[in-house]
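**Q** As a plain string of letters, each chain reads:
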Amino acid sequence: MKYVRIYSFLLFGFLLVTWEFIAGFMSELVLPAPSVVVFTLWDGLRTGYLLPHIWRTTTEVLLGLAYGGGLGFILGLLMGENEFLRRLFYPYVIASQAVPKLALAPLFVLWFDFGITSKVVITALICFFPLLENTATAIQYIDPKKMELFKVLQATRLQTLIRLKIPTGLPSILAGVRVAVVLAVVGAVVGEFIGASEGLGAMIIASQGMMDTPLMFAILIVLTLMGMILYQTVHLIEKLLLKHYKEDGL
Amino acid sequence: MKYVRIYSFLLFGFLLVTWEFIAGFMSELVLPAPSVVVFTLWDGLRTGYLLPHIWRTTTEVLLGLAYGGGLGFILGLLMGENEFLRRLFYPYVIASQAVPKLALAPLFVLWFDFGITSKVVITALICFFPLLENTATAIQYIDPKKMELFKVLQATRLQTLIRLKIPTGLPSILAGVRVAVVLAVVGAVVGEFIGASEGLGAMIIASQGMMDTPLMFAILIVLTLMGMILYQTVHLIEKLLLKHYKEDGL
Amino acid sequence: GSDQDQQTESDEEKGELQEELKVASWSQHITEQTNLLVDEEKSFFREQGIDLTVIPGQGGGDAIKNILTGKADVAFTDPGSLFFALDKGEDLRVIYNIYPQNVFNVVALKESGITKPADLKGKKIGVYSLSSGTRQNLLILLNQVGLTEDDVDIVETGLLNFAPLMQGKVDATAATDTGLFIGKQKSLGEVNVMEVKDHLNFPSDLFVVTEDVFQQKKGQLQKFLTGYRNSAAWMMKSPEEAAKLAQEYTTDGKDIENNMEIIKLRNKSSVSSLTEKKGLGTIDTEKLQRAADTYKQLDLIDKSLNMEEVVNTELLPAK
Amino acid sequence: MSYLTVDHVSYSYEGIENVVQDVEWKIPKGEFHCLVGKSGCGKSTLLKMVAGLLKPNRGEVYLADQKVVEPSAETGYVFQSPTLLEWKSVLENVLLPISLKKKTSKQDYDDALSLLNIIGLKRYADTYPSNLSGGQQSRVAIARALIRKPTMLFLDEPFAALDAITREGLQEDLLKICKTYQTTVLFITHDIAEAIYLSDRVAVMEKGKIIYNLKVDLKKPRTVEMRYKPYFNEMGLKLRKALKGGL
Amino acid sequence: MSYLTVDHVSYSYEGIENVVQDVEWKIPKGEFHCLVGKSGCGKSTLLKMVAGLLKPNRGEVYLADQKVVEPSAETGYVFQSPTLLEWKSVLENVLLPISLKKKTSKQDYDDALSLLNIIGLKRYADTYPSNLSGGQQSRVAIARALIRKPTMLFLDEPFAALDAITREGLQEDLLKICKTYQTTVLFITHDIAEAIYLSDRVAVMEKGKIIYNLKVDLKKPRTVEMRYKPYFNEMGLKLRKALKGGL
Ligand SMILES: Nc1ncnc2c1ncn2[C@@H]1O[C@H](COP(=O)(O)OP(=O)(O)OP(=O)(O)O)[C@@H](O)[C@H]1O
Ligand SMILES: Nc1ncnc2c1ncn2[C@@H]1O[C@H](COP(=O)(O)OP(=O)(O)OP(=O)(O)O)[C@@H](O)[C@H]1O
Ligand SMILES: Cc1ncc(C[n+]2csc(CCO)c2C)c(N)n1
Ligand SMILES: [Mg+2]
Ligand SMILES: [Mg+2]
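Quick note, the sequences are listed as chains V, C, U, Y and A, same order.
If you use this note's numbering, the first sequence corresponds to residues 1 to 250, in order.
If you use this note's numbering, the second sequence corresponds to residues 1 to 250, in order.
If you use this note's numbering, the third sequence corresponds to residues 1 to 319, in order.
If you use this note's numbering, the fourth sequence corresponds to residues 1 to 247, in order.
If you use this note's numbering, the fifth sequence corresponds to residues 1 to 247, in order.
Some hints here could point you the wrong way.
As the list claims (entries may be wrong) - List time: in silico DMTMM-like cross-link candidates among lysine to aspartate or glutamate, alpha-carbon distance up to 25 Å: (1) K215(A) with E24(A); (2) K71(U) with D113(V); (3) K102(A) with E148(C); (4) K29(Y) with E74(Y); (5) K103(A) with E148(C); (6) K241(Y) with E225(A); (7) K22(U) with E28(C); (8) K186(U) with E248(U); (9) K238(A) with E225(Y); (10) K238(Y) with E172(A); (11) K151(C) with E70(A); (12) K217(U) with D113(V); (13) K55(A) with E148(C); (14) K169(U) with E149(U); (15) K169(U) with E190(U); (16) K239(C) with E83(V); (17) K55(A) with E81(C); (18) K151(C) with E14(A); (19) K151(C) with D108(A); (20) K88(A) with D143(V); (21) K145(V) with E74(Y); (22) K207(Y) with D126(A); (23) K151(C) with E86(Y); (24) K169(U) with E28(V); (25) K145(V) with E238(C); (26) K215(A) with E234(A); (27) K241(Y) with E194(Y); (28) K303(U) with E28(C); (29) K229(Y) with E234(A); (30) K218(U) with E314(U).
As the list claims (entries may be wrong) - Computed from the model, here is a short list of chain Y residues facing chain A with C-beta under 8 Å: (31) Y13; (32) V36; (33) G37; (34) Q136; (35) A160.
Claimed, not checked - The following label-pair restraints were derived from C-beta to C-beta distances: (36) A73(Y) with S8(C): 36 to 44 Å; (37) L113(Y) with H235(V): 30 to 38 Å; (38) T59(C) with L298(U): 26 to 34 Å; (39) W111(V) with I237(C): 34 to 42 Å; (40) S12(A) with I237(V): 27 to 35 Å.
These are calculated hints, taken from the structure and not from any lab test.
Model, not experiment: these values are computed from the prediction.
For every residue, glycine included, the Cβ atom is placed at its ideal position computed from N, Cα and C.
Can you make the complete structure from the sequences, with help from the hints?
**A** See the structure below:
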């Protein structure tokens, strides 16, 4: 395991070199070389050109995650607990997911506004589903012996949920969170595609309009980093929370 | 529970009526009434106008699901089993997710082709992540007693995976599949937003170009139904597979 | 809420009444619209007593939807979108001719030998997307030489539309003047350009309002148009300054040299022989009518539209 | 007057009929009753029903004259398998029944520690269940059932995983606790000697029916010597016979 | 010549030192040895180490002169808790060890059914584990350990959840099977009488050390009467004393 960093580094280097090599044969328009992209990125950061956009998108992602994640978790609990609610509302949940958000854009701008709200709503809408699904599933498969224990201790339904079902379902719920945080980044960007003049999504559109592929790649790199940081944060939280869950006996 | 159908029906009716009512105050360009949308949909089906597009998108969804789902499952197994692989490749997996596919779509068209391949690739890329994440997580949290049992029975690593880890992780894995099938629909449509002249995504763009909002809503309904049918199929399969898992003691 | 407070505050500062007005654009904040975006700096609209907000959008349809739902008062949109909305029975008014010139074109590589629209027959032609102006204008161009959609193979290429052309994945691509400029920047090489305006020159963008807004906010609209005319005049007079301001106020104005060229192109499309005579923004009803008729002919719309009923010139200040 | 009254209850699982058949039982306040019977005869099912975890198909259960429809706050229950929460320490597991009712106080904390002391696991208070041996886990489950000082205790083979010495120590402790708090007990065991030593009355179950019922006439408190008295052996033989297949 | 040789093994868990300390043990082929000891003294840990599930910190284990580094195909193991796969029927659970090695044949199937018959659960063959009583589950685990006809058996309190009658029946069955197949057995139990009745030799463990070792000189096959012989009682007292706290 201790060599994993070295291999990781080697792999990364190899991929970079390959990319640089391939890019040598291609128009910058189609595939800019990593050196060019990194330079563009550095330039965008140095001049502060990218900063407000990064800030804007980060805000949207975090807000969207807070609302969408919270909603997904709570709906997941409700629907995992109550079959009636599940059967009643699930069709609408699926509908909300199967519909491409990009197509609903005008309606969102109509219902909310053209500012940050509509982007936050789209982000929330995109990232709430994995959490809902995983939460609802996790709290349904509970060891019946533990359920009996809580019944005999006269735990209320809420207590059983909070003290038994959620802790037991935590690994699966956190898997949902990890999917959600990564989708949130996509959600915010898609939201900004619709009609925004600030944010990394708007920048992507602008860079395409300018046919500035290196800039677009630089932005994609920023987005990737954003996704990774969020993912790693969840991973760290998980490590703290699940210390006594790790059950792999190998 | 037996009244759930009735309530479901009532809720649906109520929503439809509300929609029809609100639409009465709005321009058809912004929010067409459900009656108009249903008529458009019916017309599109009757004349066969929508059918080739539905067929095309369905093909892409199913192909994308097969590749993406399969890949997600297998990578999930590999990464759940092997920490080295996990640490080596996870950054790239997250990168592939955090990048908005819509931004890459023009490049996909260049890298692959204008035909079905680039759409299938996008669909697969979008739907493989929830499966990967849920599979990798599920097979890591296994009852240590059961692991000991398999060890004492000299089960090979592969056998432990297939006969213990996958069956135990099945509920969580299937939650990932459910998220994946719904995302697959979105994936195919997003893929068709750029570089397609057939498929429901292309139809959405075309309908937006002509400001034919009723047609767009009709297509969104088709997509929703597609997502629901896929979701329900997974649900049915789950019911069959997980007969002896249902552990909710309440 | 707090917007309101800020509003009254700045009113008091200025000691005059500022009226809010929202313009819904077909695009995000882009360099070619710099004159609309720099009011903070240049006060074209504030001088008129207008507090301007520009709402971004994706396509002319968005702009129209935004005025239909009251999210905005004025739409900065293309005639195509206007025709579609009128075709659906919306009650709209055209109050200003932003770009009298058709900016669309079809570009082919020099070696392809495609020099005139008729050569496009049987070729593969790229457009931004099925909802874009590039497609509609391509159809119009084809129509002028008796070709239809079925005679060519139209493919969507996304905004990077010159890349497939350079790679030879398409024979020609439909674009705009600014798009072509950027393409050339990216070493597109030698090309043949077929301008749509050489065949049917109708305006590229218009200010459109709903009948309700038109009736209720005539005074404001008048002030707005005056402001806009002034801003357009300024952009023509001092493109250098505009190019510089674009860096700060637009999403795509990164490069000042490019900004300059794009602004020059837009300045060129903002004038016509008619505007020379009657002032910026004068609407050429006849050309609009011809465009509407062509859309009808192409089956893009169902109804025959009468532009006389739609176009209104009374708000436009005399030169 | 009986504290626990089991009034002709029966139970069937889906697909398996008459797991418990028409059982009648009365336990006066403060008495200690044992239930023995072959594996799979329905003991745990009966206990769960009596405690309000399962609803009888027929018949009723009364605790302190109240009809039992769900588990009551008065009862403590030790399941046949320890069922601890893996993500909580031993101490937290013992305190669980209290923490579900109120905020745990210093007093509760001390109570829990003294119970852990009795079961010999004080130094494991901060350990997690997966680091305990089988017998240690079942002892934690016993402490958990006692923490709320229940007036009615249901125990399902609580000592099965314990060695003779530890088991005998805990038997004494249990009897002492029950005496102090006047606890009424229904106890399932497989150990006939244990049943006689602990109980006022031992019942034998077979195929869901109580087929034998024995009053144990031994002085309280019990002493170790009693175990080797002929009367004790005699009782044991009677029970063995009943267990072996009818009377 | 011993079949199983435990050569001065020691084991520490993370944070808990010397759970097993310097244990030496030899079991000749076909012999039946028992291990008794207080709860938490390290019995299960030793058994897991001997079976190759845990790696000793010091010392080594040999089975048929082969160093044990991982569980071998020759061994059967019954864990302290039944650990059945809930999504498989009782029959499939019993057949698991075989199905991991090869495709199950008609013969295997018949073997499994006859084992289920011995443990008295034939009619539960198609039931799922969650529908079994505690004792029934542990019996299934025993059948699972026997299905591969191991030459070496490790059993960790296999009968703890069983009533006296069923337990005695299974003791007989186990002895018979071991005799037929010349099986060598290492058996953990809490029941002193059971240890004496079954074994050629009983060891007593305390705090990770083997502190006492008793050869049982009773004829084979054992008969029920032996249980009531004075020699039997005497042995029992010796073991009790050893268990209670050193010699
Ligand atoms: N996985 C583990 N991690 C850390 N410590 C453990 C673990 N398993 C057992 N222990 C500790 O090791 C000691 C011996 O445990 P072991 O299971 O061997 O006891 P045992 O003799 O089998 O007891 P019992 O009769 O109760 O089953 C105990 O004190 C226990 O707390
Ligand atoms: N959840 C269940 N679903 C269906 N059948 C069950 C269930 N639990 C137990 N049974 C069946 O009911 C019968 C009685 O089970 P019970 O657990 O009451 O036995 P028991 O007397 O406690 O046995 P043991 O001493 O082995 O614990 C058994 O035959 C068992 O197969
Ligand atoms: C100068 C100028 N260039 C491009 C467009 C974009 N556009 C023209 S038509 C059309 C389709 C309908 O939305 C779109 C997007 C414009 N409006 N003005
Ligand atoms: Mg039981
Ligand atoms: Mg043990």
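**Q** K218(U) and E314(U): Cα distance at most 25 Å?
**A** With a Cα-Cα distance of about 10 Å, the restraint between K218(U) and E314(U) holds, given a limit of 25 Å.
**Q** For K103(A) and E148(C), compute the direct alpha-carbon distance and say whether it is at most 25 Å.
**A** Distance ~22 Å between K103(A) and E148(C) Cα, so the pair holds.
**Q** Straight-line Cα separation of K169(U) and E28(V) no greater than 25 Å?
**A** 17 Å, holds
**Q** Given the hint that K55(A) pairs with E81(C), does the C-alpha gap stay at or below 25 Å?
**A** Holds, at roughly 22 Å.
**Q** At a threshold of 8 Å, is the proposed contact between V36(Y) and chain A supported by beta-carbon distances?
**A** 7 Å, holds
**Q** Against the 25 Å threshold, does the CA-CA distance of K239(C) and E83(V) hold or violate the hint?
**A** 15 Å, holds
**Q** Could you tell me whether the CB distance from S12(A) to I237(V) stays inside 27 to 35 Å?
**A** 32 Å, holds
**Q** Using the nearest Cβ pair, does Q136(Y) come within less than 8 Å of chain A?
**A** 5 Å, holds
**Q** Holds or violated: 26 to 34 Å for the Cβ distance of T59(C) and L298(U)?
**A** 31 Å, holds
**Q** Taking only the CA atoms, is the gap from K169(U) to E190(U) under or equal to 25 Å?
**A** The given pair, whose Cα atoms are some 17 Å apart, holds under the 25 Å limit.
**Q** Mind checking the alpha carbons of K88(A) and D143(V) for me, to see if they're no more than 25 Å apart?
**A** Judged against 25 Å, a Cα distance of about 16 Å means the pair holds.
**Q** Would the pair K186(U) and E248(U) pass a check requiring their Cα atoms to be no farther apart than 25 Å?
**A** Between K186(U) and E248(U) the Cα gap is close to 23 Å, so the pair holds against 25 Å.
Of the numbered hints given earlier, the model fails none.
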